[in-house]
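> Residue numbers (full-length UniProt numbering), protein chains in the order written: chain A, 1 to 147; chain B, 1 to 282.
Please keep in mind that the hints were generated in silico from the structure rather than gathered at the bench. Bear in mind that the values here come from a model prediction, so they are computed numbers and not experimental data. Any given hint could be a false lead.
Straight-line Cα separation of at most 25 angstroms, DMTMM-like style, residue types lysine to aspartate or glutamate; simulated pairs [stated by the list, open to error]:
id	chain 1	residue 1	chain 2	residue 2
1	A	Lys110	A	Glu96
2	A	Lys121	B	Glu208
3	A	Lys14	A	Glu70
4	B	Lys196	B	Asp239
5	A	Lys17	B	Asp207
6	A	Lys17	B	Glu216
7	A	Lys121	A	Glu103
8	A	Lys121	B	Glu184
9	A	Lys17	B	Glu215
10	A	Lys123	B	Glu216
11	A	Lys123	B	Asp171
Calculated Cβ distances over 12 angstroms to all of chain A for the following chain B residues [what the hints assert, rightly or not]:
id	residue
12	Asp35
13	Thr55
14	Leu72
15	Thr160
16	Glu162
17	Asp197
18	Glu238
19	Gly270
Backbone N, C-alpha and C fix where the C-beta goes; we use that ideal spot for every residue, glycine too.
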Amino acid sequence: MKILTTSFLTCAVKACKSSPLSFPLHYKDAELEQSDIAYNPRFLINILPRIDWDAVRVTATELGFTVPEEKPELPALDASSSTDTIEPADEKTLRELHTLLLETEVREGKLVCGNCGHEYKIKEGIANFLLPSHLGEFELFPFCFLH
Amino acid sequence: MARLDRHDPIKVAVTLENYLGTMLPTPSTSHVNSDRIYEPAEDSFLLLDTISSPTESAFLARRFAHNLEVPLVLEVGTGSGVVLAFITAHALEILGRTDVLTVGVDINPFACTATEQTVMQACRETSHAMYLGCLNADLSSCLRHGVADIVVFNPPYVPTVELPRLLTAEDSNLCAEIDAFEQESRLLSLSYSGGKDGMEVVDRLLDELPLILNEERGVAYILLCQQNKPGSVAQRIEDWGRGWSVEAVGQSGKTGGWEKLQILRICRIGVDEALGRRPLLH
Numbered sequence: 001m002k003i004l005t006t007s008f009l010t011c012a013v014k015a016c017k018s019s020p021l022s023f024p025l026h027y028k029d030a031e032l033e034q035s036d037i038a039y040n041p042r043f044l045i046n047i048l049p050r051i052d053w054d055a056v057r058v059t060a061t062e063l064g065f066t067v068p069e070e071k072p073e074l075p076a077l078d079a080s081s082s083t084d085t086i087e088p089a090d091e092k093t094l095r096e097l098h099t100l101l102l103e104t105e106v107r108e109g110k111l112v113c114g115n116c117g118h119e120y121k122i123k124e125g126i127a128n129f130l131l132p133s134h135l136g137e138f139e140l141f142p143f144c145f146l147h
Numbered sequence: 001m002a003r004l005d006r007h008d009p010i011k012v013a014v015t016l017e018n019y020l021g022t023m024l025p026t027p028s029t030s031h032v033n034s035d036r037i038y039e040p041a042e043d044s045f046l047l048l049d050t051i052s053s054p055t056e057s058a059f060l061a062r063r064f065a066h067n068l069e070v071p072l073v074l075e076v077g078t079g080s081g082v083v084l085a086f087i088t089a090h091a092l093e094i095l096g097r098t099d100v101l102t103v104g105v106d107i108n109p110f111a112c113t114a115t116e117q118t119v120m121q122a123c124r125e126t127s128h129a130m131y132l133g134c135l136n137a138d139l140s141s142c143l144r145h146g147v148a149d150i151v152v153f154n155p156p157y158v159p160t161v162e163l164p165r166l167l168t169a170e171d172s173n174l175c176a177e178i179d180a181f182e183q184e185s186r187l188l189s190l191s192y193s194g195g196k197d198g199m200e201v202v203d204r205l206l207d208e209l210p211l212i213l214n215e216e217r218g219v220a221y222i223l224l225c226q227q228n229k230p231g232s233v234a235q236r237i238e239d240w241g242r243g244w245s246v247e248a249v250g251q252s253g254k255t256g257g258w259e260k261l262q263i264l265r266i267c268r269i270g271v272d273e274a275l276g277r278r279p280l281l282h
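All chains should be modelled from the sequences, with the hints used to inform the complete structure.
Below you can see the structure in the form of structure tokens.
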């Protein structure tokens, strides 16, 4: 699972969704693996507006990476605009983001919700968000509580 | 899909050639274990044909051209991964750009593993979208609200007396101890059993759709069969209000005018668009 995935994930427990503590989920005992992915500055620049920078900083720190304090501000690129005009300093940041968000894979470990404390296991690169029956099914069958 | 005119052989040849010329290769799924994972079938291929048809790809390319933010494609219930791999590998032809993110979700952990492999194999050579991964989850439960720009769903739509019990965290822990045959048939059954009218899982996804879809650009493709009563599903979406439009954009299995499978395209429409025209239902 790529680290970028963390930007889109939250706790699967419905009651947690409204809590700011449920994002980002926190890594625990993460075993990382580096993969080789073609560097694509256009993709990185155009994904930046979708990324919550404070959350990325939390995730990076947990995994032992460092990212700049401020989100790099780069104008979005359409298919025809050249990527040659990127400043060397921005290029360096983009390469670092490429390594952290796309090339770093979490193979084993856990993702923990900061609100309810539930731990989601990651095995062989696949995160398991299936809830234990007492957390998941009451949303569908509230009467379970009566038993 | 191209319509063939059987009375004009020259036209047939030309149309067929155009059609074959635009056909994109289908990802290989030879590694998929069909005892516990839904294998690509007519419904999967209808999704591929519809999404890559000239009209739909033109629609999508137009919709995602003016905002440069990377769009995110979510496939719910990837199964073999054939649809997600196809969209990832052919993002340029379908969406007119390669800075696209794709992600899959399946409740069956074996389907997640199969999807990873299918996507990797399909994306080895061509320029392709960025594949995030496949998550083992129930529908869109683990995703933040509003993240999906395109949702693709080939649901368990077959009407069945009972719905198999959904997988829970306990099942994952017990996986090795459960009788393999019993477990496999339950996993397979989850991929097609739709409960009453085949609509029980579709209904749950429809409830999640307004939450998960991007508020401006969101589009969903949902495949239904005749027993799901696609007409009344479309009517329900029309009743969501002026911010939505729904259209049947693909069908197959016509026998005597009876369409077996249908794909509904459910769209968010902007305020201006909503004032300018009423959503059309064909």
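> Are the hints correct? Go through all of them and say.
Hint-by-hint comparison with the structure:
As the CA atoms of A/Lys110 and A/Glu96 are separated by approximately 24 angstroms, the hinted pair is consistent with the 25 angstroms bound. Under the criterion of a C-alpha separation no larger than 25 angstroms, the hint pairing A/Lys121 with B/Glu208 is consistent with the structure, at around 24 angstroms. Taking the CA atoms of A/Lys14 and A/Glu70, the gap is about 32 angstroms. The hint is violated against a cut of 25 angstroms. Straight-line distance between C-alpha atoms of B/Lys196 and B/Asp239 comes to about 22 angstroms, which keeps the hinted pair within the 25 angstroms bound.
Taking the CA atoms of A/Lys17 and B/Asp207, the gap is about 16 angstroms. The hint holds against a cut of 25 angstroms. For the suggested pair A/Lys17 and B/Glu216, the alpha carbons sit about 21 angstroms apart, so the restraint of at most 25 angstroms is met. A C-alpha spacing of about 20 angstroms is found between A/Lys121 and A/Glu103, which places the hinted pair at or below 25 angstroms, so the restraint holds. Taken as a hint, the A/Lys121 and B/Glu184 pair is honoured in the structure, with Cα atoms around 22 angstroms apart against an allowance of 25 angstroms.
The hinted pair formed by A/Lys17 and B/Glu215 meets the criterion: a straight-line CA distance of about 17 angstroms does not exceed 25 angstroms. Annotation: proposed proximity of A/Lys123 to B/Glu216 is violated, straight-line Cα distance about 35 angstroms (limit 25 angstroms). As the CA atoms of A/Lys123 and B/Asp171 are separated by approximately 15 angstroms, the hinted pair is consistent with the 25 angstroms bound. Distance to chain A confirms B/Asp35 as a non-interface residue, since its nearest Cβ pair spans about 20 angstroms, more than 12 angstroms.
No Cβ of chain A comes within 12 angstroms of the Cβ of B/Thr55; the nearest lies about 21 angstroms off, and the non-interface call holds. Not every CB of chain A lies more than 12 angstroms from the CB of B/Leu72, the least distance being 7 angstroms, so the non-interface label is violated. Against the 12 angstroms criterion, B/Thr160 stays outside the reach of chain A, whose nearest CB is about 17 angstroms from its own CB. With a closest Cβ-Cβ approach of about 14 angstroms to chain A, B/Glu162 is found to remain outside the 12 angstroms limit, as its non-interface label requires.
Its beta-carbon lying about 18 angstroms from the closest one in chain A, B/Asp197 satisfies the requirement of being farther than 12 angstroms from that chain. At roughly 26 angstroms, the least C-beta separation between B/Glu238 and chain A is larger than 12 angstroms, which holds for a residue marked as non-interface. No Cβ of chain A approaches the Cβ of B/Gly270 within 12 angstroms, the least distance being about 19 angstroms, so the stated non-interface status holds.
Comparing the model with each numbered hint stated earlier shows that hints 3, 10 and 14 do not hold.
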